[in-house]
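I would like the entire structure built from these sequences, with the hints used as guidance.
Each protein sequence line maps, in turn, to chains A and B.
Offset between the first sequence (1-based) and my numbering: plus 970.
Offset between the second sequence (1-based) and my numbering: plus 4.
Just so you know, the hints here were simulated from the structure itself, not pulled from any lab data.
Among the hints, a few may not be true.
Just a few of them, taken from the derived set where beta-carbon distance is under 8 Å, the chain A residues facing chain B [claimed, not checked]:
#	residue
1	Gly-997
2	Leu-999
3	Ala-1006
4	Met-1020
5	Arg-1024
6	Pro-1068
7	Phe-1126
8	Ala-1128
9	Pro-1135
10	Gln-1259
Think of the CB as a built atom: it goes at the ideal place given N, C-alpha and C, for glycine as much as any other residue.
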Amino acid sequence: MGAYVAGRLLHVLPVVIGVSLLVFLIGHLTPGDPVALMFGLEAGADPELMASIRRELGLDQPLHIQYLRFLGGLARGDLGRSIRTGDKVVREIQARLPATAELALSALLISVAIGVTAGVISAAYRNSGFDYASTFGALFGVSVPAFWLGLMLMYFLAVRVPLFPVSGRAMPLVQALGLSLTGEFWQFGMAARHLVLPAITLGLPSAALVARLTRSAMLEVLGQDYVRTARAKGLGERTVLYRHALRNAMIPVVTMVGLQFGFLLGGAVITESVFAWPGIGRLVVQAIQQRDFPLAQGIVMIVALIFVLVNLLVDLAYGALDPRVRYR
Amino acid sequence: MRPRRSFWAAVSILVVMALLVAGCPARQPEARVGKHIIAALSTDIVTLDPHRGNDGPSMTVWNQMYSTLFDLNAETRELIPKLAERWERVDDRTTRLFIRRGVKFHDGTPLTARDVEFSLKRLVDPATKSPAAFILTMLEDVRTVDDHTVEIITKEPFAPLLFHLTHRATSIVPEAVVKAKGEDFARQPVGTGPFKFVEHVKGDRVELERNPDYWGGAPVPERVTLRIIPEPATQAAEVEAGSLHIASAIPLVDVPRLRELADVEVLTMVGWSVTALLFNHRAEPFDDVRVRRAVSYALDRDAIVRHVEHGLAIPAAQVSSPVVFGHNPNLQPYPHDPAKARQLLAEAGYPQGFETTILVWNIERFIRWAEAVQAQLAQVGIDAELNVVEFGAALEMAYRGEFEIVNMGWGCPTLDSDYNLFALFHSASWGPPGNWGFYQNPEVDRLIMVGRTSADMQERERAYHRVMELLHQDAAWAFSHHPTLVLAKRAELRDSEISVSFVYMNLRRAYIQE
Chain A
971 MGAYVAGRLL
981 HVLPVVIGVS
991 LLVFLIGHLT
1001 PGDPVALMFG
1011 LEAGADPELM
1021 ASIRRELGLD
1031 QPLHIQYLRF
1041 LGGLARGDLG
1051 RSIRTGDKVV
1061 REIQARLPAT
1071 AELALSALLI
1081 SVAIGVTAGV
1091 ISAAYRNSGF
1101 DYASTFGALF
1111 GVSVPAFWLG
1121 LMLMYFLAVR
1131 VPLFPVSGRA
1141 MPLVQALGLS
1151 LTGEFWQFGM
1161 AARHLVLPAI
1171 TLGLPSAALV
1181 ARLTRSAMLE
1191 VLGQDYVRTA
1201 RAKGLGERTV
1211 LYRHALRNAM
1221 IPVVTMVGLQ
1231 FGFLLGGAVI
1241 TESVFAWPGI
1251 GRLVVQAIQQ
1261 RDFPLAQGIV
1271 MIVALIFVLV
1281 NLLVDLAYGA
1291 LDPRVRYR
Chain B
5 MRPRRSFWAA
15 VSILVVMALL
25 VAGCPARQPE
35 ARVGKHIIAA
45 LSTDIVTLDP
55 HRGNDGPSMT
65 VWNQMYSTLF
75 DLNAETRELI
85 PKLAERWERV
95 DDRTTRLFIR
105 RGVKFHDGTP
115 LTARDVEFSL
125 KRLVDPATKS
135 PAAFILTMLE
145 DVRTVDDHTV
155 EIITKEPFAP
165 LLFHLTHRAT
175 SIVPEAVVKA
185 KGEDFARQPV
195 GTGPFKFVEH
205 VKGDRVELER
215 NPDYWGGAPV
225 PERVTLRIIP
235 EPATQAAEVE
245 AGSLHIASAI
255 PLVDVPRLRE
265 LADVEVLTMV
275 GWSVTALLFN
285 HRAEPFDDVR
295 VRRAVSYALD
305 RDAIVRHVEH
315 GLAIPAAQVS
325 SPVVFGHNPN
335 LQPYPHDPAK
345 ARQLLAEAGY
355 PQGFETTILV
365 WNIERFIRWA
375 EAVQAQLAQV
385 GIDAELNVVE
395 FGAALEMAYR
405 GEFEIVNMGW
415 GCPTLDSDYN
425 LFALFHSASW
435 GPPGNWGFYQ
445 NPEVDRLIMV
455 GRTSADMQER
465 ERAYHRVMEL
475 LHQDAAWAFS
485 HHPTLVLAKR
495 AELRDSEISV
505 SFVYMNLRRA
515 YIQE
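See below:
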């Protein structure tokens, strides 16, 4: 298994380089010039001044030279500096990634908790009232736009009935946890409360997917001979459902949850905007709009890296779920 | 029955967790009370170094931390001496500024004329890479005469110089600190403004604290938090909930609803920007003045103001809005007259109208406006296709003159028409500087230069009034409207100096009425 993991980790390298090339090319071949955008609509978009800034930034170099420079920096662990802010890309990502990770993990937790529970019950009580309600809820969950859901939650649970803060992130959850240990428990409460609405907004649509998939996987497993055998042995329904059926039904679910996590990490732009959450989704969209090439490349590569690692974890999870799986 | 029980167990655990979280005290009781002002920015700031950016949010923050030589009252257009206490014109190219005495930077060192010289030169130095360097491109030299006197020499006579010195990018920084810190200055900024920098949590907020030694007297607020809230609907919700004192951007559709609320105030002011159709004067049929006039007659500006801008704009007859020096109050917009438009088109050889394309930025406000314009043009036989393009790409197309008509939204932060006219209509500004459509009129060129170089304000004003008339006759652009500036604030936030023009807003006198 060690060799398997090492091999898989080696695969990360070509993936990241491929992603970097793709991002680099797409970024540079899209019309739009970062320096022009820096000036925007201003009375002095003087071509000479713009040319000198372009030179300072190395944007006047041929594309392949720029890419090789980028790769050279990458080899030294240097992602360069943001064109817009002049700050190191690594620093920009460090500042924003934890917020996104926090939000994505909470959303994942919500989606698994709600999705698996609803899916299992739906399957166990097929065609019952709960099943229909859960189907309807899932349909609602996947159809409702995050923008609308977020604003509705905000309006009813933060403005009308002020249970939660409207938007923003009080402080990193880890830091809040640390402060709670020193007795300032309210700090953790505040950080957690800020997280609730965005996490629900982000997690609900994937909870719907998880619920549908869990239900169908459970139904398939519940029709298997070994489930009938288990019941015939006189095992309790709970043991049959959780020990025998659910565990076998989890393989497709775990696969999808892994993929969902990738989407949650990269696709939280709307939720982040609505809730003024200082995450990486907003940052990458802005970087692309402003043609801030180093920043956009840096973020996409980091997210790609995480995506690859999560997939590896998912593959390893199969082994834990199904002892027959062998890693070679 | 067991799964049902476990389901309810799970639900109750979730509910208990939610209640626990909801039940936690929201925040430290004294944190919100009193002298802590919370305002919203629409995007994150680019930089805390005033010579490295040129965006609204950064300028709002700089305005709290730094001082410029002069300030501008956006409502009265009055020049206010700040770090420059007084000034005198030595000759038509030299201005002498007397720097205020007793001003200290946040690190305690006194401000001297040398810091002023250093700051202005740093802004225009290409190595600084300031996107706002253009604001002082007319500079030939800055000379320190003594500790509190500095002379600014321009390449040519430049009348609006002092207005340019109100631009936030001309903020004064301490030479010694900048030289010592280098790139780190942007992370540990030092100014002479009423608030000191505390921290910038990227993407989330900027925290500032009172500078008790501020030269204009200690500010009232102890702390200022500028939160980054990109979504206007969220800003509106925050103000409504009472957790935000000032919202800089709110959805226009929400304005009537917010006005109804007792504890929210909506402030409005005629803005200094203009929305218009910019013609490519080199492309048929817009090289014909009759066609351009026909487009102007086809526009129903009142309908646009009412339905697209929700009443929060005024119809435009010229590039400079009423708050900008040089605005010609006698000029009326072209009336909405489709028959006249059709007649002009027929005279120009297009009795059946023609097809054209409007290049539109992918910004919601402009798209909605362009759709209305498209429908109005269709009524006179002009079949306009909208080519909605991402802003960066559209800008590049506009720079290259690759358009027949392009939408335009242009602001005038110096409130002096030179900023509008030289860039947008002088033939020396063809291409990227702003005259994207290659407009040319020798008389307009001449008068713009009179306005730029004359020291006589009345002569300047006359020149600008005449330019506005000529641009109107030429129908150089089809001017549509001047958008209104809108800001929402909590009623309990009081301040004699809160201005709708957020970029110019300084919070040093703000306080919360308990």
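Hint-by-hint comparison with the structure:
| no. | hint | in the structure |
| --- | --- | --- |
| 1 | Gly-997 | violated, 11 Å |
| 2 | Leu-999 | violated, 11 Å |
| 3 | Ala-1006 | holds, 5 Å |
| 4 | Met-1020 | holds, 7 Å |
| 5 | Arg-1024 | violated, 10 Å |
| 6 | Pro-1068 | violated, 11 Å |
| 7 | Phe-1126 | violated, 11 Å |
| 8 | Ala-1128 | holds, 6 Å |
| 9 | Pro-1135 | holds, 7 Å |
| 10 | Gln-1259 | holds, 7 Å |
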